[in-house]
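K.L.:
Spelled out from the first residue to the last, the chains are:
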Amino acid sequence: MASDLTIIIPAFNEAKSIADTVKSLKNQTVKVARIIVVDDFSSDGTGEIARAAGAEVLRPEANTGTKAGAQNFALKSVTTKFTMAIDADTILAPDAIERLLPALQDPKVAAACGFVLPRYVRTLWERGRYIEYLFAFVFFKQVQDYYECPLISSGCFSVYRSSVLQANGGWSTRTMAEDMDLTWSFYQAGHKVRFVTGALCYPIEPNNYTFMSKQLRRWSHGFIQNFKFHWRGVLRVPYLRSVVIIAMIDAVIASIFNILLLPALIIFVSPLFAIIYLADLPAVMVPVLFQAVSRKETGLAISSIPAYFVLRTFNGFMFLEALITEVVLRRTLATYEKGH
Amino acid sequence: MNAGLPSAGIGVTFYLLATVAMPFFEIWRLFKRESGRLGWRFILRQLSIATNIILGISLANLFFDIVAPRYIGTNRSFTIFGQVAKLAHISNILIMPAILIAVLAVIEVASLIHVRSRTR
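Chains A and B, in that order, are what the protein sequence lines are.
Here our numbering is used: the first residue of the first sequence is 9, the next is one more, and so on.
Here our numbering is used: the first residue of the second sequence is 1222, the next is one more, and so on.
Worth flagging that the hints you see were computed from the coordinates, not collected in a lab.
From a predicted model like this one, the values you see are computed outputs, not experimental measurements.
Ideal placement from N, C-alpha and C gives every residue a C-beta, glycine not left out.
Possibly wrong hints are sitting among the right ones.
[Unchecked claim] Covered by chain B, per the in silico footprint, the following chain A stretches (three or more residues, Cβ under 8 Å):
(1) 259 to 267
(2) 290 to 303
[To be verified] Here are the computed lysine-lysine pairs in the BS3-like style, where the Cα-Cα straight-line distance is at most 25 Å:
(3) K1253/B / K200/A
(4) K200/A / K89/A
(5) K116/A / K222/A
(6) K346/A / K304/A
(7) K200/A / K236/A
(8) K1253/B / K116/A
Just chain A, with the same shape it has in the complex (with noise of 0.2 Å):
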């Protein structure tokens, strides 16, 4: 099973991070059959430093805009019976790969993703990002694979079963969130998706203001143009449906309520209305430090508490922007722009 894997690595500028990806899935406990790096037409060596590395390399005639368009460029020449996909900024546990593929003995698995925390837990962000990531993934993602519905393949880290994946015409650009788009499309066409806790990645997350606002707000808008993509399909699968529209209100409301309406009554009526924010601290608690605990990770995960707090703040502005430029607006966001 080990030998019949394409690993495909889209890769724009990533001329920091590709080196350290390479070489954490040439270090697998498991032995992959290419590990192909799509240089999307990269203008700071990416591509050479990806070959030196020891991964083969695939450079477009151009860019193509879009990470989907960059993986699909090397699906076209995947004959192994399973392709995995990476983000170039990303690395494995060494056993990462070797614990993910047995998800995928089940032939109607489509894809199976592993377990995402933070490579770096430094900034404002890095921890905020870390507290969002112990929350989904040790509560949220765990309850949704025992009901066979994980919400994402996560595409910074995904394992697909090939055929199907060719089947589906590989990733779609048709929206900003292209793993949301396909994990939602093989669940309509009745495949399944998988979430297996022990198989560990690090991506580097945002470190500062800019990068995260354009990383969210490809999240936000990607979350809101596949609901309106696929909303009529998404109701004829059990679960799902309840999973992505609870989602959607879930947003919108906290949204309203933490950007317009409870900044309103703290300003206007009285400053303690803030304490409204932190109502939920012991929900969040809880998944946090189970998981915190046995990493030995209890004083990064407490002292990282405040950091969330603002992430949460400002993807509910973000959240906001999307639902008015997508819903209201009409103005779909098109152009993918990683953020570094």
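Please arrange chain B on chain A, whose structure you already have, making use of the hints.
P.N.:
Just chain B, lined up with the frame of chain A:
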């Protein structure tokens, strides 16, 4: 919450209910003589997380219950906050679950209507 998306608490309530439902699904699987993929150890772990989340929310409610009445009637802004704190308490135990059940019911009805309209 899902990473990158804001949450008002309806999502957490949904996943708490889904976690509490796990043992019943597992027993139903046993009755159908199917083996569960993740097992009882996983279910107990998730139930432990859910129980502690509910405990944490309960402690927050207790805080609102104890703190809020002290300030009602002292000055205007405290009175308003005390009333809102009471509302937050009620929201956690009644309003959020009620919204969630209503939303789930609408989703299931909508899916039934959609499936029937497609099969015609």
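K.L.:
Each of the hints needs a verdict: does it hold here or not?
P.N.:
Tested hints:
1. 259 to 267: holds (count 6)
2. 290 to 303: As far as the region 290 to 303 of chain A goes, the hint holds, because 6 residues have Cβ atoms under 8 Å from chain B.
3. K1253/B / K200/A: holds (21 Å)
4. K200/A / K89/A: With a Cα-Cα distance of about 16 Å, the restraint between K200/A and K89/A holds, given a limit of 25 Å.
5. K116/A / K222/A: violated (35 Å)
6. K346/A / K304/A: violated (32 Å)
7. K200/A / K236/A: Between K200/A and K236/A the Cα gap is close to 22 Å, so the pair holds against 25 Å.
8. K1253/B / K116/A: Cα-Cα ~21 Å, so holds.
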